[in-house]
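Based on the sequences and whatever the hints tell you, model everything.
Chains A and B are the protein sequences, given in the same order.
Just so it is clear: in the first sequence, position 234 is 1599 by this note's numbering, and no numbers are missing.
Just so it is clear: in the second sequence, position 26 is 35 by this note's numbering, and no numbers are missing.
What the hints contain is simulated information worked out from the structure, not anything from laboratory work.
Hints are not guaranteed to be accurate.
If we take Cβ atoms under 10 Å as the criterion, some of the chain A residues that face chain B in the derived model are [to be verified]:
1) Phe1407
2) Gln1414
3) Gly1416
4) Ile1421
5) Pro1463
6) Gly1476
7) Trp1479
8) Phe1577
No more than 25 Å apart at the CA atoms, straight line, and that leaves these computed lysine to any residue pairs for SDA-like [said to hold, decoys possible]:
9) Lys1481/A with Met1579/A
10) Lys1481/A with His50/B
11) Lys1385/A with Gly41/B
12) Lys1481/A with Gly33/B
13) Lys1385/A with Arg49/B
14) Lys1385/A with Arg58/B
15) Lys1481/A with Arg49/B
16) Lys1481/A with Ala53/B
17) Lys1481/A with Trp12/B
18) Lys1481/A with Phe18/B
19) Lys1385/A with Met1579/A
20) Lys1385/A with Glu17/B
21) Lys1481/A with Arg1543/A
22) Lys1481/A with Trp29/B
23) Lys1385/A with Ala55/B
24) Lys1385/A with Gly13/B
25) Lys1385/A with Ala53/B
Remember, it's a predicted structure, so these values are computed and weren't measured experimentally.
The beta-carbon is built from N, C-alpha and C at its ideal position, and this holds for glycine as well.
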Amino acid sequence: MGINWFKYSSPQAFHPLAGKLIPWFAVAALALIGVGLYIGFFVAPTDVQQGDAYRIIFVHVPAAWMSMFLYVIMAVWAGIGLGLNARPSFMMAQAIAPTGAMFTFLALLTGSMWGKPTWGAWWVWDARLTSELILLFQYIGIMLLRTAIEDLRRADRASAVLALVGVINVPIIYFSVRWWNTLHQGASVSITAAPTMAGTMVTAMLVMMAGFWMYSFAVTLARVRCVIAERERHPSWGKPAALPDVAEAR
Amino acid sequence: MQWGSLAEFWAMGGYGLYVWASFGATALCMGGEVLALWRRHAAAAAERRDGA
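Encoded structure:
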C-alpha cells in the first residue's frame, strides 16, 4: 500500500482525512440499519417461544456487542497512548468513550424491555446484567475523571490507566452466562455451534450489527475532529501546568 | 410477511410497547448523539472562523 500512514499520525493531518471518511461511514450505517430493520420486521418470522418480543434482539445484541467492542478499542488506544506518549491515541480514546457509554445504556435499557415480558422482571441482579451495569459505571468514571483533571496531559494519562485496568470486565461480561448460572440466555451466535435462531433472524441481527459498527466509526471520527479542533483552540490544555503557578504557591 | 394489517404490525403480537420502546429509545439516543456532535462541530467551526 502506497499510503504514508505517518503523514496521518498528526492531529493536523488526521482532521481532514477523518472529515472525508465520515460521510461514507454514515451512508453505510444508514443503508445497513435500513436493510437490517426491513429483514428484522418483515422477513424474520415470529418466534415460537417468545412471540414478537424477541425482535428486541435486533437492537439489544448489536448495542451490547458495541458496548464491549468499543471498550476494548478505547483501551487499546489508551494503551498505545501510554506506551508511545501519543496525543492522537488519547484523543481517539476520549472520542470513543461517550458512544460506548451510550451503547451500554441502550443494551441495559432494551434488555429490561425484553426482560419484563419474557422473565416478568425489568431487572435482576444476575451476573450478565450486573457486569454490564458495571461497564456503564466504568465508562462514566473514565469520562468524569477526564473532566475532573484540569491539566490535559494528566487527564489523558489518568483516564487511559483507568480504561486499561477496567478492560478485565469485558471477558467477565462475555463469559458470565457460562461461568455463572444466570437467567440471561446464552450466546445467540457462536462460531463453534450452529445458530439457535432461524437464518433470517441471524441475518437481521448481523446486518444491524454491521450498521452499528459503521455508525460508531462515523460518530467517533466526528467526535475526534471536534476534540482536535477544541484542543487546537486552547493549546495550553496540551501543556503541563504553567510554572508561574508553582512559583506563586511557594 | 406476517402482518395482516398496520394495526397488527403496531401491536407486535401484544408486545408493541416493549418492542417500540426499545427501537424508539435506540433511535432517540443515536439521533441525539449525531445532533449533539453536529452542534459541537458547528460551535468549533464558528469559533475558528471568528478567530477569537
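So which hints don't hold here, by number, going up?
-> Numbers 2, 9, 10, 15, 16, 20 and 24, in rising order.
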